[in-house]
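2 protein chains.
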Amino acid sequence: MSEQIEPIATMAAELNRLPGIGKKTAQRLAYFIVSMPLEDVRSLSVAIWNGRKAIRFCSVCGNYSAGEQCSVCADPARHNGQICVVRDPRDVAAIERMHDYRGLYHVLHGTLSPMDGIGPEDIHIRELVSRLQTEQVSEVILATNPDVEGEATASYIARLLKPMGVRCTRIAHGVPVGGDLEYTDEVTLLKAMEGRREV
Amino acid sequence: MSEQIEPIATMAAELNRLPGIGKKTAQRLAYFIVSMPLEDVRSLSVAIWNGRKAIRFCSVCGNYSAGEQCSVCADPARHNGQICVVRDPRDVAAIERMHDYRGLYHVLHGTLSPMDGIGPEDIHIRELVSRLQTEQVSEVILATNPDVEGEATASYIARLLKPMGVRCTRIAHGVPVGGDLEYTDEVTLLKAMEGRREV
Chain X
1 MSEQIEPIAT MAAELNRLPG IGKKTAQRLA YFIVSMPLED VRSLSVAIWN
51 GRKAIRFCSV CGNYSAGEQC SVCADPARHN GQICVVRDPR DVAAIERMHD
101 YRGLYHVLHG TLSPMDGIGP EDIHIRELVS RLQTEQVSEV ILATNPDVEG
151 EATASYIARL LKPMGVRCTR IAHGVPVGGD LEYTDEVTLL KAMEGRREV
Chain R
200 MSEQIEPIAT MAAELNRLPG IGKKTAQRLA YFIVSMPLED VRSLSVAIWN
250 GRKAIRFCSV CGNYSAGEQC SVCADPARHN GQICVVRDPR DVAAIERMHD
300 YRGLYHVLHG TLSPMDGIGP EDIHIRELVS RLQTEQVSEV ILATNPDVEG
350 EATASYIARL LKPMGVRCTR IAHGVPVGGD LEYTDEVTLL KAMEGRREV
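Top to bottom, those sequences are chains X and R.
Residue numbers for the first sequence follow our numbering, beginning at 1 and rising by one.
Residue numbers for the second sequence follow our numbering, beginning at 200 and rising by one.
It is worth saying that the hints were derived from the structure and are not from the lab.
Fair warning: this is a prediction, and the values are worked out from it, not measured in the lab.
Where hints are given, some of them may not hold.
[Stated by the list, open to error] 30 angstroms max Cα-Cα, derived DSBU-like pairs, lysine-lysine: (1) R:Lys252 x X:Lys23; (2) R:Lys361 x X:Lys24; (3) X:Lys53 x R:Lys390; (4) X:Lys191 x R:Lys223; (5) X:Lys53 x X:Lys23; (6) R:Lys222 x X:Lys24; (7) R:Lys222 x X:Lys53; (8) R:Lys390 x R:Lys361; (9) R:Lys222 x R:Lys252; (10) R:Lys223 x X:Lys53; (11) R:Lys252 x X:Lys24; (12) X:Lys24 x X:Lys53; (13) X:Lys162 x X:Lys191; (14) R:Lys252 x R:Lys223; (15) X:Lys23 x R:Lys222; (16) R:Lys223 x X:Lys23.
Isolated chain X (complex conformation) (with noise of 0.2 angstroms):
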């Protein structure tokens, strides 16, 4: 093989495009899959097709969903009056691996920024407006990231749900549990005095 074999290329080529998948591994992924039996090959083809396929969104707080509601949404015991807002649902799948957290959520789907002419209007905000004015909400925690866009957003529906006399609350910022402060950024760090407690 002057060039290398199609078939093997066209997988690399493919795999390639997901993230943190460089050219190499794309390379050593394929050969490794063109080495599993046949039916392991077919199991992994069809999961990731079928997943892909069986996902939407769920339709009351946007997070993925094999059905119409999303499992956190369809389980009674969730609608306790919180309603957590993230950015995306890969954030759902990161506070519900904490196995703490009992209320419902709702997936921003985006967050606001300016510079890429993302405003209010392109991302679920109204959407939350609307389930605050038929569902019975206690508390908005506002989990959306730590940087720019982050609190931007955040704060832009606090000050949008306050009128509506919702109680909004912001994830805490502070030093990692298992970081070293000597490696801790300035602005975490004060961030991290700032929301100093009584022990």
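Go by the hints and put chain R onto chain X.
Using the frame of chain X, we list chain R on its own:
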């Protein structure tokens, strides 16, 4: 989702079976794939399945091939009397990337490993011997890995082929280009000294 969203979990579990893809990476990839356009996921899934299905072993050398013979064996210009013996098709790809070798290959699909019960009958040594009886071969280059099994396999084949009057060579051991003497192990250094050449 008190538990994972099922189609995403299935996808992540399948991806997790690939080498170098841990649980977290698999989850991250699955979430990314779910967010990809449907058409792109179809291409990915089809490339994996079709790629695997299209690949068979070259009837001559045992390399991966899309047809009856691989592109090296099918190329008359490569029949120059040299056969490079490697462990698996990945090694063929590595040597081809060098863009220098112009001979043929023979893929053993394994190396001798008495500990694992892999003897000469379990890898494609017999096929190599019969090629020597039908093809015009002037040199067999033993390019198995420089590890215990690779060395043992190379010695075994060399002893087997010598009586047939075929010239057997072994790829050189030495200090890797760009490497550092200080961090080179003693055995490699010894081989590098033994293999020194007039400059």
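Open item on the list: Which constraints among the numbered hints does this structure fail? Numbers only, ascending.
Closed with: 2, 3
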